[in-house]
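**Student:** Let the hints inform the model, and build the full structure from the sequences given.
As you go down the protein sequences, you meet chains E and B in turn.
Take 1 as the starting number for the first sequence in the working numbering and just add one per residue.
Take 1 as the starting number for the second sequence in the working numbering and just add one per residue.
Worth flagging that the hints you see were computed from the coordinates, not collected in a lab.
No incorrect hints appear here.
For identical chains, the list gives no copy identity; a pair is met inside one copy or between any two copies.
Below, simulated PhoX-like cross-link-like pairs (lysine-lysine); rule was C-alpha separation at most 20 Å, straight line:
id, residue 1, residue 2
1, 198, 102
2, 106, 195
3, 246, 195
4, 250, 198
5, 167, 211
6, 246, 225
7, 202, 147
8, 195, 101
9, 195, 102
10, 106, 198
11, 222, 250
12, 25, 147
13, 212, 167
There are 2 protein chains.
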Amino acid sequence: MIIIKVPATTANIGPGYDSQGMALKLYNVFKFTEEKSSIEENNLIYKSFKYFYTRNNISVPEVKIEVNGDVPLSRGLGSSATCIVAGLMAANEMSKLKLDKKEILKYATEIEGHPDNVAPAIYGGHITSIVNEDVFFSRREVSDNYKFYLLIPDFELQTKVAREVVKTEVKLSDAVSNIARATLVSDALSSGDFKLLKGAAKDLLHEPYRKKLISDYPIFEKICKLNSAVMFISGAGPSLLVIAEKENSKIEQALKNSGEKKAVWKALKLEVSNEGATIL
Amino acid sequence: MIIIKVPATTANIGPGYDSQGMALKLYNVFKFTEEKSSIEENNLIYKSFKYFYTRNNISVPEVKIEVNGDVPLSRGLGSSATCIVAGLMAANEMSKLKLDKKEILKYATEIEGHPDNVAPAIYGGHITSIVNEDVFFSRREVSDNYKFYLLIPDFELQTKVAREVVKTEVKLSDAVSNIARATLVSDALSSGDFKLLKGAAKDLLHEPYRKKLISDYPIFEKICKLNSAVMFISGAGPSLLVIAEKENSKIEQALKNSGEKKAVWKALKLEVSNEGATIL
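**Tutor:** Below you can see the structure in the form of structure tokens.
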């Protein structure tokens, strides 16, 4: 029996659109048992499990999969990535092939299409990545000068819909703004320089369009502005990621006091997971 | 008498278009003497010197300026930035105002229009920067795992011309590629991971257009490819920046053997200047 814990991930982080992601201490736990079971062929965990075997020309064993966890579906928190990573890592264990994490990342990227969520889900911390034949990435740990909140609504947003609103042609000046800010956000997250994070925290390529799909966005934007916090849309949304300095004593209450929205939005205080996916 | 040494800077560094720059140990040296002289009003050094006084509402003293140095003009090596930084720093000394470097950077950015060259010229090392009311930047030292060559041709390229060939609307996918790669190049420069640098070293926003203005570009591109080096257009060109691993024993000779081009191109081996502008 193999038990694997895989963290939720928040991708984009504003200007790091389609290239950055960070693992959070919010987990799905997967149990794989080598026994006969009735499993749907298009279950993403099983598909990923099977992918590993097929990719290595080994026959797929019988497997029973159980999932328990706190990562909600279709909220921009990388729930699919947890399934892919769990399926691959379980197969890696069960097959005794013991390939290294780099190979798991490669397979996971082949399945997911991009490494933004699967890379931090596997390695933990904050990761910038690109696919250029191979997957290239840089992993950095996040400073403990910050605290993080996830605002998770009770409604879903399909990534497909959130992708469609983004423009496929952009202004060069907007691209340049994101290029500079993405690096600065990455540097600020690892150095703990909140002033830099705040100065760099502005995306011009996806958030201006996606925020229109999240009707309460302006409420939380205002709360963050008034309480020295920065806010990003987590992945394709609709969850929101709020980052404040550790010593900020106002933001938590302000988020929790968001009036009539309390029934719709849950505010979770979370830490960054520097470990990534773990076999228990 | 004030003597100031200001380093050349190489901006962009491929995907870090209009946002990254690095200081190199190639200097202009400026001597400022408080005496009457005939100086042109539109001399950039004097304009910057004067700017400092005007900005602080102090009357401008008489000054004589002498320049000596190795930073060639209009080659994409930040020669204008050396003039601006020298003028401001000399005024800062002469006026006894002794503002800190952050203020000098602010003034220099006001004069130059962007901080890409002036920031590393002032602080040294590798800098990513953005103007958002204030100038925000992140400075990192460059790993000593690398060696750098500047290929400097005997012809000039006006920044204005090099700016005009760049498209003002770009594909989102190209922007995303640069966003990821800019951060990875910055991380690879500081970590010394040459494999990552190589994987990330590709610009899609300016080099595809500007390289057409540099007729020998393909020759050096091929030399770099065959000898495990990466190449970027320095600033707006026409100089080229070549980066290889310190232990690379082939690249230097390969660059110097570039046949009939030897009369046109000079290959300079340089180190990164981590000190930036210095008052001697």
